[in-house]
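Trainee: Sequence:
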Amino acid sequence: MSNTWDDVWASDSDVETERSPDLVKLRENHSKRGYLDGIVSSKEEKLQEGFNDGFPTGAKLGKQVGIIMGILLGLRTRFGDEDEDLSKAYIDAQKELRINKVLSKSIFDPNFDLQEKHPLITKWTDIANTYCEKYHVPSIQ
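Residue numbers 1374 to 1514, in the working numbering, belong to the letters of the sequence shown in order.
It is worth saying that the hints were derived from the structure and are not from the lab.
It is possible that some hints are incorrect.
[Claimed, not checked] Okay, derived cross-link-like pairs now, DMTMM-like style, lysine to aspartate or glutamate, Cα gap no bigger than 25 Å in a straight line:
no., residue 1, residue 2
1, LYS1496, GLU1469
2, LYS1436, GLU1506
3, LYS1416, ASP1426
4, LYS1490, GLU1457
5, LYS1496, ASP1486
Given these sequences and hints, build the entire structure.
Mentor: Here's what the structure looks like:
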């Protein structure tokens, strides 16, 4: 005669145990949660890695745009009433040096590195320097 307590852990291979619907649901939930945690963790690591790699380039470009815009705004504030071309250049720079254009994928290689000088930064540095020379103020280095 078999005693029910002989195998309290239900490890006997010949005895098929019935699974409780609650246990099945619990196992599914833990499995899904583990999968989602793995995906989220991986995405967070890659996102942080991408941020760490791209931040120095983005910060450098942002600083250059800020210098260009600051110089053009200063010159426009001082000389814009008498120089329509300067006022127009400032408005054009605002449009062309928007973040989505400065950080456009087309400007970077597949590793998101700049291969050469940034074309928009170079263009607007030259334009700003032209106005700096015209009005005898220090140019962008």
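Trainee: A separate judgement is required for each hint: does it hold in the structure or not?
Mentor: Quick rundown of the hints versus the structure:
{"no.": "1", "hint": "LYS1496 <-> GLU1469", "result": "holds, 10 Å"}
{"no.": "2", "hint": "LYS1436 <-> GLU1506", "result": "holds, 21 Å"}
{"no.": "3", "hint": "LYS1416 <-> ASP1426", "result": "holds, 15 Å"}
{"no.": "4", "hint": "LYS1490 <-> GLU1457", "result": "violated, 29 Å"}
{"no.": "5", "hint": "LYS1496 <-> ASP1486", "result": "holds, 19 Å"}
The earlier numbered hint that this structure contradicts is number 4, and it is the only one.
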